[in-house]
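J.: Work out the full structure: start from the sequences and follow the hints.
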Amino acid sequence: MKRLVTLSAAAIFAALLIDVLLDLPAAALDLRALLAEAMPASGVAHPVTAVLLNTRGYDTLLEIAVLLVALLGVVISSARTNLSSDPGRTPASHVAIDADPMVSALARLVTPLAVIFAIYVLWAGAHRPGGAFQAAAILAAALVLLHFARIVPACTAPSCRLRVAAVAGFAIFLVIAAIPLAGGALLQYPPAAAGLLILAIESGLTVSLALVLAGLFLLLADDAGGRQ
Amino acid sequence: MSGALLYAIAGVLLFAAGAAGVVLLDHLLRRVLAFNIMGSGACLVLVGLAQRNGIPDPVPQAMVLTGIVVAVAATGLALALIRRLHAQTGHADGKTEEERVKGETGAGCSLPASHSVAGRGDD
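Residue numbers (this note's numbering), protein chains in the order written: chain L, -15 to 212; chain W, 296 to 418.
Please note that the accuracy of each hint is not assured.
[As the list claims (entries may be wrong)] Residues from chain W that face chain L, not an exhaustive set, calculated with beta carbons under 10 Å:
1. GLY298
2. ALA311
3. LEU341
4. ASP352
5. ALA357
6. VAL367
7. ALA375
Keep in mind that the hints were calculated from the coordinates and are not lab data. By construction, the Cβ of each residue, glycine as well, lies at the ideal position given by its N, Cα and C atoms.
T.: Right, here's the structure in full:
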């Protein structure tokens, strides 16, 4: 009964929404013209990067904060689990079975390429699709692959240096966002220096986001949390 | 019907399927997956509608990029919480203790609980 009601409600909802989509009026506000006007002062040539890091910088700043809070939650939840488990247990990486030689070979081959590709994607973000988030995702994927090859162990509690590195991107972004406060508003970069500032922000974000994204996986990959 | 609108319609269908999944599925892991499908649907609607006039509008694209990253973070946190719940209770099927006692036979999809670290039923 519940199944029938839910499924029919979902179907009706989808049908109504599709009906609306089919004759949607033209957008009341066209942001493309506004953005095209602002592009010369944004410091980058690619509109999505300009939106992410200049005109809608607030969104991105708070998004990094959300990511850090989520990582904090994962760290806390796995740390407390480890307290409740056997204190004398060996780290997960040591009890784990040996990695598949194919995976090891692949990881060693792919990781340097992934690093180069991530730097390229970061650099390309200024004038074509790319940027800090994509580059960070590539780096994080390389880290996860290294974990599957048993080269990077699952982390139970990140070291102090790792924590600083994970927060550094957000800190750099926050400092650069706060500098214009002296003469104007938060995140209002001077147009002449905007390109350089955005590159600095994105470089910091790439490293930090890669660590955060890989951390979300590697903290959960530690077997002690769920099973032994 | 333009290609862009096709993306938006696919997004609506994904969103509806995910919403139904969140309501119907009991296991927390499945709920998280269904919630992610809902999120993908919403992103697809945004991206699809952003390019219905031909030239894509970069603002919704940037919003979707933000949304994807937040969804990844939220999923990671949800998985950590589910794992913690599973470590403490031995279950992650989203049922209360009373429901479990009542319908012991009907539980189809709880994770294997025999290796639980904290021990089930310990309070």
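J.: Tell me if VAL367 (chain W) is really an interface residue toward chain L, meaning its C-beta lies closer than 10 Å to one of theirs.
T.: holds, 7 Å
J.: Does the nearest C-beta of chain L fall within a distance shorter than 10 Å of the C-beta of ALA311 (chain W)?
T.: holds, 4 Å
J.: Holds or violated: is there a CB of chain L closer than 10 Å to the CB of ALA357 (chain W)?
T.: Since chain L brings a Cβ to about 4 Å from ALA357 (chain W), closer than 10 Å, the hint holds.
J.: Holds or violated: GLY298 (chain W) as interface residue toward chain L, Cβ cutoff 10 Å?
T.: violated, 13 Å
J.: Given ALA375 (chain W) as an interface hint, is the shortest Cβ-Cβ distance to chain L below 10 Å?
T.: At about 4 Å, which falls below the 10 Å cut-off, the nearest Cβ of chain L leaves the hint on ALA375 (chain W) intact, so it holds.
J.: Close enough to count: is the Cβ of ASP352 (chain W) nearer than 10 Å to one in chain L?
T.: Because about 5 Å separates ASP352 (chain W) from the closest Cβ in chain L, which is inside the 10 Å limit, the hint holds.
J.: Are LEU341 (chain W) and chain L close enough, Cβ to Cβ, to be under 10 Å, as the hint says?
T.: With Cβ-Cβ at 12 Å, over 10 Å, it is violated.
In terms of the numbered hints stated before, the structure departs from hints 1 and 3, listed from lowest to highest.
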